[in-house]
Amino acid sequence: KNQVEQSPQSLIILEGKNCTLQCNYTVSPFSNLRWYKQDTGRGPVSLTIMTFSENTKSNGRYTATLDADTKQSSLHITASQLSDSASYICVVSAGANNLFFGTGTRLTVIP
Amino acid sequence: DVKVTQSSRYLVKRTGEKVFLECVQDMDHENMFWYRQDPGLGLRLIYFSYDVKMKEKGDIPEGYSVSREKKERFSLILESASTNQTSMYLCASSSLSGRAYGTQYFGPGTRLLVL
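Same order as they appear, the protein sequences are chains X and P.
Heads up: take any position in the first sequence, counting from 1, add 7, and you land on my numbering.
Heads up: take any position in the second sequence, counting from 1, add 859, and you land on my numbering.
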């Protein structure tokens, strides 16, 4: 069964600290994996996209990793800011037409 | 920048009403999508369109229909709204062929409450 599971469901961290969000998938055939950030009351915005051959991709303070062998991805946020408070959604593509969404990790950054 | 707009941020409707949610994108994207998002369930695809007048059912099409008369506009229709359709509705568009390949650009969402 094609599934995308994210952990933790929610996370609270202090401003300035780092954190790592996890995404495990059982999607096949794998095409690509995206991380989206969704601010409260807004639509998701793409942060990174990774294909099978890519291990790491960065977007400012966001760094995504992909291990295609173990079917795991992580999103690492460095030196967190209050504006990082949002839901982070992992989306895995299978073939040309199938997208599988994780349920997201809700991150809260507190001062 | 790609811009996807949705006609309403918040809507309150009564059970049995016909509801129209409109979505417009300004980047000439071929693909457009309607999702609903519920706590703990994530985003679920309702309908997808890859061209004018073309549509495909997603994972949860029951109780919904769609219309795409122009490339830039994709409408979601609730023929007879029910309380279990209370949700956040998100429209998205993407440019590459094969709906899973292109990055999706999302609108701000419409939060619908059906009483």
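Certain hints may be false.
In the BS3-like style, the derived pairs of lysine-lysine whose C-alpha atoms are separated by at most 30 Å in a straight line are [claimed, not checked]:
(1) X:Lys24 / X:Lys78
(2) P:Lys862 / P:Lys916
(3) P:Lys877 / P:Lys930
(4) P:Lys872 / X:Lys8
(5) P:Lys930 / X:Lys8
(6) P:Lys862 / P:Lys930
(7) P:Lys912 / P:Lys930
(8) P:Lys877 / P:Lys929
(9) P:Lys929 / X:Lys78
(10) P:Lys912 / P:Lys872
(11) P:Lys862 / X:Lys64
(12) P:Lys914 / P:Lys872
None of these hints come from the bench; they were simulated from the model.
Consistency of the hints with the structure:
Taking the CA atoms of Lys24 (chain X) and Lys78 (chain X), the gap is about 27 Å. The hint holds against a cut of 30 Å. Under the criterion of a C-alpha separation no larger than 30 Å, the hint pairing Lys862 (chain P) with Lys916 (chain P) is consistent with the structure, at around 24 Å. With a C-alpha separation of about 23 Å, the suggested pairing of Lys877 (chain P) with Lys930 (chain P) holds against the 30 Å cut-off. As the CA atoms of Lys872 (chain P) and Lys8 (chain X) are separated by approximately 37 Å, the hinted pair breaks the 30 Å bound.
A distance of roughly 34 Å separates the Cα atoms of Lys930 (chain P) and Lys8 (chain X); the hinted pair therefore is violated under the 30 Å criterion. Of the supplied pair hints, the one linking Lys862 (chain P) and Lys930 (chain P) holds, its CA atoms being roughly 14 Å apart against a limit of 30 Å. Between Lys912 (chain P) and Lys930 (chain P) the CA atoms are separated by roughly 9 Å; this keeps the pair inside 30 Å, and the hint holds. Among the hinted pairs, Lys877 (chain P) with Lys929 (chain P) is consistent with the structure: their alpha-carbon atoms are about 21 Å apart, no more than 30 Å.
With a C-alpha separation of about 39 Å, the suggested pairing of Lys929 (chain P) with Lys78 (chain X) is violated against the 30 Å cut-off. As the CA atoms of Lys912 (chain P) and Lys872 (chain P) are separated by approximately 27 Å, the hinted pair is consistent with the 30 Å bound. Of the pairs offered as hints, the one joining Lys862 (chain P) and Lys64 (chain X) holds, with about 25 Å between alpha carbons and a cut-off of 30 Å not exceeded. Our distance criterion of 30 Å between C-alpha atoms is met by Lys914 (chain P) and Lys872 (chain P), whose separation comes to about 26 Å.
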